[in-house]
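**Q** Make a model of the complete structure from these sequences and hints.
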Amino acid sequence: HDMTYDEVVERLGTPKEVIISYYEQEDMDSLIEKAKVRRLLKNFLSVAFAVLLVFLCYKAYIYQKTFEEIRDSKGGYFEETIEVKEDSEIE
Numbered sequence: 001h002d003m004t005y006d007e008v009v010e011r012l013g014t015p016k017e018v019i020i021s022y023y024e025q026e027d028m029d030s031l032i033e034k035a036k037v038r039r040l041l042k043n044f045l046s047v048a049f050a051v052l053l054v055f056l057c058y059k060a061y062i063y064q065k066t067f068e069e070i071r072d073s074k075g076g077y078f079e080e081t082i083e084v085k086e087d088s089e090i091e
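Numbers 1 to 91, taken from our numbering, label the letters of the sequence shown in order.
Hints are not guaranteed to be accurate.
Stated by the list, open to error - Label pairs and their computed distance ranges (CB to CB):
id: 1; residue 1: L41; residue 2: M3; range: 46 to 52 Å
id: 2; residue 1: V54; residue 2: E79; range: 34 to 40 Å
id: 3; residue 1: T4; residue 2: Y61; range: 31 to 37 Å
id: 4; residue 1: F55; residue 2: E7; range: 48 to 54 Å
id: 5; residue 1: D2; residue 2: D29; range: 46 to 52 Å
id: 6; residue 1: D2; residue 2: F49; range: 39 to 45 Å
id: 7; residue 1: E7; residue 2: L56; range: 46 to 52 Å
Unchecked claim - Below, simulated SDA-like cross-link-like pairs (lysine to any residue); rule was C-alpha separation at most 20 Å, straight line:
id: 8; residue 1: K36; residue 2: Y22
id: 9; residue 1: K36; residue 2: E26
id: 10; residue 1: K34; residue 2: Y23
id: 11; residue 1: K34; residue 2: A50
id: 12; residue 1: K42; residue 2: L52
id: 13; residue 1: K16; residue 2: E26
id: 14; residue 1: K34; residue 2: F44
id: 15; residue 1: K34; residue 2: V18
id: 16; residue 1: K34; residue 2: I19
id: 17; residue 1: K59; residue 2: E69
id: 18; residue 1: K16; residue 2: D27
id: 19; residue 1: K34; residue 2: Y22
id: 20; residue 1: K65; residue 2: L53
id: 21; residue 1: K42; residue 2: L53
id: 22; residue 1: K36; residue 2: S46
Honestly, the hints are just simulated from the structure, not real lab data.
Glycine included, every Cβ here is placed at the ideal spot set by N, Cα and C.
**A** Written out as structure tokens, the structure reads:
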């Protein structure tokens, strides 16, 4: 059945009490090991994100340079030719 917040607190204790109880029961070495793993994972993900960001910036730079080379290969402008056909040519 559904329980209210007050019923949960009465049964298990306040959130603060639950956390304090957990840390009192947990082995200190285990807590330190968990913190090390979390810090290592955080550092790894930060480095991976930085490498990905540098890679994407490099790709954007290469695409920009390629675009500029293509644009400049026509002397910096594009030509458009419009042909006007007489009515007799259309039929």
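**Q** Starting from K34, check that the Cα of Y23 is at most 20 Å away, please.
**A** Judged against 20 Å, a Cα distance of about 12 Å means the pair holds.
**Q** Given the proposed pairing of K65 with L53, does the C-alpha separation stay at or below 20 Å?
**A** holds (18 Å)
**Q** Does K34 pair with A50 here, judged by a C-alpha cut-off of 20 Å?
**A** violated (24 Å)
**Q** Is the distance from the Cβ of D2 to the Cβ of D29 consistent with 46 to 52 Å?
**A** Given range 46 to 52 Å: violated, Cβ gap about 40 Å.
**Q** If you draw a straight line from the CA of K34 to the CA of I19, is it 20 Å or shorter?
**A** Given pair K34, I19 holds - Cα atoms ~16 Å apart, limit 20 Å.
**Q** With 46 to 52 Å as the target window, see if E7 and L56 comply at their CB atoms.
**A** holds (51 Å)
**Q** Given the hinted pair K34 and Y22, is their alpha-carbon gap at most 20 Å?
**A** holds (14 Å)
**Q** Taking 48 to 54 Å as the hint, is the beta-carbon distance of F55 and E7 inside that range?
**A** Holds, at about 53 Å.
**Q** Measure nothing beyond the straight line between the CA atoms of K59 and E69; if it is 20 Å or shorter, mark the hint as holding.
**A** Distance of about 15 Å is within 20 Å: holds.
**Q** Could you grab the alpha-carbon distance between K34 and V18 and see if it respects the 20 Å cut-off?
**A** This hinted pair holds, its Cα atoms lying about 19 Å apart.
**Q** Is 34 to 40 Å a correct range for the gap between the Cβ atoms of V54 and E79?
**A** holds (39 Å)
**Q** Are the Cα atoms of K34 and F44 separated by 20 Å or less?
**A** holds (15 Å)
In terms of the numbered hints stated before, the structure departs from hints 1, 3, 5, 11, listed from lowest to highest.
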